[in-house]
Amino acid sequence: MTAGSPGWQLAASLDRRPTDRVVSKTYRDGFAATGLDTTLEGLGARRL
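Just so it is clear: in the sequence shown, position 47 is 47 by the working numbering, and no numbers are missing.
Hint data in this document are derived by calculation from the structure and do not stem from the laboratory. The beta-carbon is built from N, C-alpha and C at its ideal position, and this holds for glycine as well. Treat the hints with care, as some may be off.
Unchecked claim - Here are the in silico distance ranges between beta carbons for each label pair:
#, residue 1, residue 2, range
1, Leu10, Thr38, 18 to 24 angstroms
2, Ala11, Arg46, 17 to 23 angstroms
3, Arg46, Ala12, 32 to 38 angstroms
4, Arg47, Ala3, 25 to 31 angstroms
5, Glu41, Thr2, 26 to 32 angstroms
6, Gly4, Arg46, 21 to 27 angstroms
Produce the entire structure from the sequences given, and follow the hints as far as they go.
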């Protein structure tokens, strides 16, 4: 999907807040090349 296209947008029914973090991904793997590790580390997360 192309970033910014209608099918790419998050569902309007999601209760999203301005403080929520969004991690973009370009692969089928939710962790590969996303920066998620850096985000979680910055939040002090130790496990999922």
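Q.
Hints numbered earlier in the text: which of these fail when held up against the supplied structure?
A. Those not satisfied are hints 2 and 6.
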